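Trainee: All chains, please: the whole structure from these sequences, using the hints.
The listed protein sequences correspond, in order, to chains A and B.
Letter by letter, the first sequence follows residues 1 to 426 in UniProt numbering.
Letter by letter, the second sequence follows residues 1 to 426 in UniProt numbering.
Calculated from the structure, these hints are not laboratory results.
Certain hints may be false.
Identical copies go unnamed one by one, so any copy, or any two together, can satisfy a pair.
As the list claims (entries may be wrong) - Cut-off 27 Å, straight-line C-alpha distance, at most; resulting in silico cross-link-like pairs (DSS-like, lysine-lysine):
1) LYS413 x LYS150
2) LYS177 x LYS239
3) LYS294 x LYS350
4) LYS49 x LYS234
5) LYS350 x LYS234
6) LYS89 x LYS350
These numbers come from a predicted model, not from an experiment.
There are 2 protein chains.
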Amino acid sequence: MQKDTGSGPSTPSGPTARLRRRRGSNEVPPEVDKGNGSHLLVNDHNKYKSMITRAYSSVWMIGGFALIIYMGHLYIWAMVVVIQIFMAKELFSLLRKTHEDSHLPGFRHLNWHFFFTAMLFVYGRILSQRLVNTVTMDKFLYKLVGRLIKYHMVTCYFLYIAGFMWFILSLKKKMYKYQFGQYAWTHMILIVVFTQSSFTVANIFEGIFWFLLPASLIVINDIAAYIFGFFFGKTPLIKLSPKKTWEGFIGASVTTMISAFVLANILGHFQWLTCPRKDLSTGWLHCDPGSLFKPEYFTVPEWFPEWFPWREISILPVQWHALCLGLFASIIAPFGGFFASGFKRAFKIKDFGDSIPGHGGITDRMDCQMVMAVFAYIYHQSFVVPQSLSIEMIMDQILVNLPFEDQRALYMKLGQIIMERQFGES
Amino acid sequence: MQKDTGSGPSTPSGPTARLRRRRGSNEVPPEVDKGNGSHLLVNDHNKYKSMITRAYSSVWMIGGFALIIYMGHLYIWAMVVVIQIFMAKELFSLLRKTHEDSHLPGFRHLNWHFFFTAMLFVYGRILSQRLVNTVTMDKFLYKLVGRLIKYHMVTCYFLYIAGFMWFILSLKKKMYKYQFGQYAWTHMILIVVFTQSSFTVANIFEGIFWFLLPASLIVINDIAAYIFGFFFGKTPLIKLSPKKTWEGFIGASVTTMISAFVLANILGHFQWLTCPRKDLSTGWLHCDPGSLFKPEYFTVPEWFPEWFPWREISILPVQWHALCLGLFASIIAPFGGFFASGFKRAFKIKDFGDSIPGHGGITDRMDCQMVMAVFAYIYHQSFVVPQSLSIEMIMDQILVNLPFEDQRALYMKLGQIIMERQFGES
Chain A
1 MQKDTGSGPS
11 TPSGPTARLR
21 RRRGSNEVPP
31 EVDKGNGSHL
41 LVNDHNKYKS
51 MITRAYSSVW
61 MIGGFALIIY
71 MGHLYIWAMV
81 VVIQIFMAKE
91 LFSLLRKTHE
101 DSHLPGFRHL
111 NWHFFFTAML
121 FVYGRILSQR
131 LVNTVTMDKF
141 LYKLVGRLIK
151 YHMVTCYFLY
161 IAGFMWFILS
171 LKKKMYKYQF
181 GQYAWTHMIL
191 IVVFTQSSFT
201 VANIFEGIFW
211 FLLPASLIVI
221 NDIAAYIFGF
231 FFGKTPLIKL
241 SPKKTWEGFI
251 GASVTTMISA
261 FVLANILGHF
271 QWLTCPRKDL
281 STGWLHCDPG
291 SLFKPEYFTV
301 PEWFPEWFPW
311 REISILPVQW
321 HALCLGLFAS
331 IIAPFGGFFA
341 SGFKRAFKIK
351 DFGDSIPGHG
361 GITDRMDCQM
371 VMAVFAYIYH
381 QSFVVPQSLS
391 IEMIMDQILV
401 NLPFEDQRAL
411 YMKLGQIIME
421 RQFGES
Chain B
1 MQKDTGSGPS
11 TPSGPTARLR
21 RRRGSNEVPP
31 EVDKGNGSHL
41 LVNDHNKYKS
51 MITRAYSSVW
61 MIGGFALIIY
71 MGHLYIWAMV
81 VVIQIFMAKE
91 LFSLLRKTHE
101 DSHLPGFRHL
111 NWHFFFTAML
121 FVYGRILSQR
131 LVNTVTMDKF
141 LYKLVGRLIK
151 YHMVTCYFLY
161 IAGFMWFILS
171 LKKKMYKYQF
181 GQYAWTHMIL
191 IVVFTQSSFT
201 VANIFEGIFW
211 FLLPASLIVI
221 NDIAAYIFGF
231 FFGKTPLIKL
241 SPKKTWEGFI
251 GASVTTMISA
261 FVLANILGHF
271 QWLTCPRKDL
281 STGWLHCDPG
291 SLFKPEYFTV
301 PEWFPEWFPW
311 REISILPVQW
321 HALCLGLFAS
331 IIAPFGGFFA
341 SGFKRAFKIK
351 DFGDSIPGHG
361 GITDRMDCQM
371 VMAVFAYIYH
381 QSFVVPQSLS
391 IEMIMDQILV
401 NLPFEDQRAL
411 YMKLGQIIME
421 RQFGES
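Mentor: Right, dumping it as structure tokens:
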């Protein structure tokens, strides 16, 4: 390999040039270190070593993840919360690191105060709606939960206001600008962390499918981009993250689309994954999975090659939706990664943290997941939810928010309106 | 007045000392300029002049405001939107001013892109729910509005994502840090501006009362603090805004509490103010104002002085709620003002803008209004809304979000559950 040094301009697209691009040294123009062969050799070695470390921790993560999926909705939720706490921890400590000189003692507590207020706000709502379905039999608990829901918003508001006043009273002269900056960044961090996790949790309860498929697609896209980039990467994709190449991007897109289509078919056959969870129990799930998950049979056209083993294939309608998710996961979600890369460059940090060997911080792995989770939720709500689910959501509201007398009043009123409209139509 | 100069330490609490505190020169210790009488005279003159300018524009604002209240909900909403645009304009241009050196051309458009996306998101929802009540008779429009609502969220999401991608693609080397900072601040500005206005608009449609009373209380508290501070201000309240004194704060609190109680009684007698508005018309409002606005009569106790003109007084139950609003407006809402003061000091600006003579920018007048609007909404939702209103909200949802067949399905299902529970109880 060391002989490569002499070959000069004839191998600009060889492994060494590729490597230089992928190691992120875009400050140094490619011509400068061309003669330095031994250096490249070391880098080449590192390249494989880092790949193995990364693969190793990936296998562990995927294994643990599969176990949690098997354990059920509440455990997945717990996992999301843990990830979220780690993310907040990484980002908060980053906030302090970049301004190490002007460290303020109370501010760390204030950050976590806001964090837990946001947590109460976001999860209190989700939790209480499930809780009410769980305790619907016990009249006292039912009332208690109803009361909790009623004062949930005002409690969160006063917790926030308390933090807000705390912040104002802790302002120190000559530190104003720094403190206001910290306050703003804390809010940004909370938005980032909670947008991600609240949409993810919402997806989980809509059916694990709607959490697992998008999350897997991002992982597949990441791995595929890494592998394609590793073996075929030549043309740099975007200046922001010099490790990414067009070859990796395109290869990953194709892989992701195919995986989405296949994976949706596999996952779509398990009721454990497709049924929504309306309460907080961890028991087995049975439901009518709906038309989306009922296979439709297509005869394979005559002109299909003879080696193709099936003459008839079954496709779940949800697979077409999976293609949309795949398209998003491979084209738009990577922008979450670019954003994170740009952010890291802006503040001159390599990784957001060092929680996962070979991967960097948890936040580094979550950049695209975040964009994806929000999309998956909105896509599901806008294009997938059959009307019958909307009915159930409104039913939930009625049973949760209204006392029994009002439920009856609403029933009467609705009956009246429906009668009127029926007469109006006929 | 010039003779005051010689009296030295014997008048530290006289008008000049008060003045020094109220002019905001807390960088200069009081002892330094004590001998400089002519200076104080000039300041004193300015003090009255600035008060007159301020009073003059206040009268104009209050007059215009009263006219808009008279014109109705839609016009008040329009006013809120105009205020909101001015605020965003002031804050966005501030963002550029503080970093004049590194001005980026496309960023201004991007800011407004996010602004209008947020606007579509926040108001689209409010608008469409009212709209559906307005067009409920026309079957085609009803369906169209239903469709708009259905794709509202996904539209907003893609508009946001477009802005997000635009931002990433517009990142310029060596500007990363500045650009990410701008991105974060843009989000903070949008949160501030839209939290304020979306809660305000929600209040307006709950009944103008719930917008007008809190907003008036803030204005009254501001004016009272100014007047009390002007005539009796001695003891500085908080370092952040040196113009504020304990005397002003306490005087204003008492005034605000009394005003809240009296004002609620006056405003509570007009149906135009107390009825909620469910559609988008501007016609006259008639409704059963509910028990909150039905006067209760109390006999004045015997020991009351004889000069008191009434032997029986009528009190609306809503007046007790008004006291809570008054308490918040005078104790906690001022922290919005402290926050704004601190922010202005941090970034070394005098005002957020110069739209209103004597007052500074519109943002300067909105600091406490914002905190108050959010509280008024949450208070109203948590403690005031009678259950009958909740019924109407859910009815709205049913009629807006569900096609007719599903409305019937829900009706059947609800009937079944109510039947079951009734049997379970008896």
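Trainee: Hints first: check each against the structure and report whether it holds.
Mentor: Results of checking the hints against the structure:
no., hint, in the structure
1, LYS413 x LYS150, "both (23 Å within a copy, 25 Å between copies)"
2, LYS177 x LYS239, "between (32 Å within a copy, 15 Å between copies)"
3, LYS294 x LYS350, "neither (47 Å within a copy, 66 Å between copies)"
4, LYS49 x LYS234, "within (21 Å within a copy, 71 Å between copies)"
5, LYS350 x LYS234, "within (23 Å within a copy, 54 Å between copies)"
6, LYS89 x LYS350, "within (17 Å within a copy, 36 Å between copies)"
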